[in-house]
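Chemist: Sequence:
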Amino acid sequence: MLNLKNCFAVTDLGFAPLLLRCTNLEELVLHNCWEVSGNSFLGAGTVCLPSVTSLDLSNLRKIDDRALRKCLLMFPNLTNLNLGYCKTLGTGMFATESAAMAMVPGAKSGPSSASGLSRWGPHSAPAAATGAMLPATAGGLTGGKGHHHHGESGTTGTAPPPLLVSTGITWRTIRSLNLQRCTGLRDDAFAQWPVIGPSWSLETLLLGDCSLLTDGALHMISHTCPQLRTLGLAFCCALSEQAMAAIVRLDQLRVLDLSFCGSLVSDASVRLLVRKCLALEALGMRGCVRVDDAILDHVLDRCTAPALTPHARPVTSTSGLNGSSGSLSSGGSRPSTPPPGASKAGRGTKTSVWSRC
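In UniProt numbering, the protein residues as written are 1 to 357.
FYI, nobody ran anything at the bench for these hints, they're computed from the structure.
All of these numbers come straight from a predicted model, not from anything done at the bench.
Beta carbons are placed, not taken as given, at the ideal position from N, Cα and C, and that holds for glycine.
Don't take each hint at face value.
Claimed, not checked - With a straight-line cut-off of 25 Å between C-alpha atoms, the simulated BS3-like cross-links for lysine-lysine are: (1) K5 / K62; (2) K62 / K87; (3) K87 / K5.
Stated by the list, open to error - Ranges between beta-carbon positions, derived for each pair: (4) Q242 / L278: 33 to 41 Å; (5) D293 / N6: 20 to 28 Å; (6) R61 / L18: 42 to 50 Å; (7) R21 / S263: 45 to 53 Å; (8) M1 / G216: 36 to 44 Å; (9) Q242 / P194: 12 to 20 Å; (10) W34 / S263: 51 to 59 Å.
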């Protein structure tokens, strides 16, 4: 594991050559490495890192759609990807990228014609610089004989494992994806999901604070992610009651965060949720102003189902996820305990709700 969290002074100049040599790395954390840009991944070019299973690029301010696609070609066995707070990502992040394109400097890929989109939307980031802008070692070149690739020991002449054929392979095999506060995402980005494949392995998806997403995005997600167990939608304020029809299609759902989704949470939508999602264990509705006694009655009826077992503490819900406990947790300055006057339902049951009424 290499953890560079909050290493604010690290730049492409130092990181790119390091990336080329970390052939046995299993986990890479670059959270808040503000000076690391997409050039580090574009410069790596044809290098493949098959041992990496977990990648944290959260709050990398300089990574755009194109750099992310090149990056994904390098990690054939990636299962956990954190892109939280990457606000320059947009419509083009899910566009298909092929290994052939990755080897052509300046080559662009766009949404497949099968998606019905003629070109990327307004939130696509501009193309990043190519590996030619990096020092020779950062671009994967040494200038010596047989110089095209670095081997594990740093010597030249040994070909690395082949790149993925397409980024679609990575997207379909990732099990945990954090897109929290990727505020450039719109519905047309998720229109690529059915094109990538009909059945993803995704189990955890966090979309908190993606406030431009509407019901259409959830329909794309529900049709491609049958194994989804945790879905975070806190502060997705553009969702309506009709989005619940897509959510209840996820019959494996265990944890659902609807905090501050005021237009989505209603008597009818909650009634549909508790009737259809029988595996649900944790539900967050904090800040949903339409939560009333009638809605709590629906939740209470669900809590008394014989299959549910006692839960040690109530769930407090925000757009974050507590990886250690598996329950939704509070983040930042948001309260982790119920505010004065909050109503509580399902005490001592596995489905517990704190709601601000």
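Chemist: 51 to 59 Å was suggested as the range; check whether the CB atoms of W34 and S263 agree with it.
Modeler: violated (35 Å)
Chemist: Verify the proposed pairing of K5 with K62, using a straight-line Cα cut of 25 Å.
Modeler: holds (16 Å)
Chemist: For the pair Q242 and P194, does the Cβ-Cβ distance stay inside 12 to 20 Å?
Modeler: holds (19 Å)
Chemist: Return holds or violated for the Cβ distance of Q242 and L278 against the range 33 to 41 Å.
Modeler: Given about 21 Å between the Cβ atoms, the range is violated.
Chemist: The hint says 42 to 50 Å between R61 and L18; measuring C-beta to C-beta, is that right?
Modeler: violated (20 Å)
Chemist: Between K62 and K87, does the CA-CA distance stay at or below 25 Å?
Modeler: holds (9 Å)
Chemist: Could you say whether the range 20 to 28 Å given as a hint is met by the Cβ separation of D293 and N6?
Modeler: violated (46 Å)
Chemist: Range first: 45 to 53 Å. Now tell me if the beta carbons of R21 and S263 are that far apart.
Modeler: This hint holds: roughly 50 Å between Cβ atoms.
Chemist: Looking only at beta-carbon atoms, does the pair M1, G216 fall within the given range of 36 to 44 Å?
Modeler: holds (38 Å)
Chemist: Holds or violated: K87 and K5, Cα atoms, limit 25 Å.
Modeler: With a Cα-Cα distance of about 18 Å, the restraint between K87 and K5 holds, given a limit of 25 Å.
Hint violations for this structure: numbers 4, 5, 6, 10, all remaining hints satisfied.
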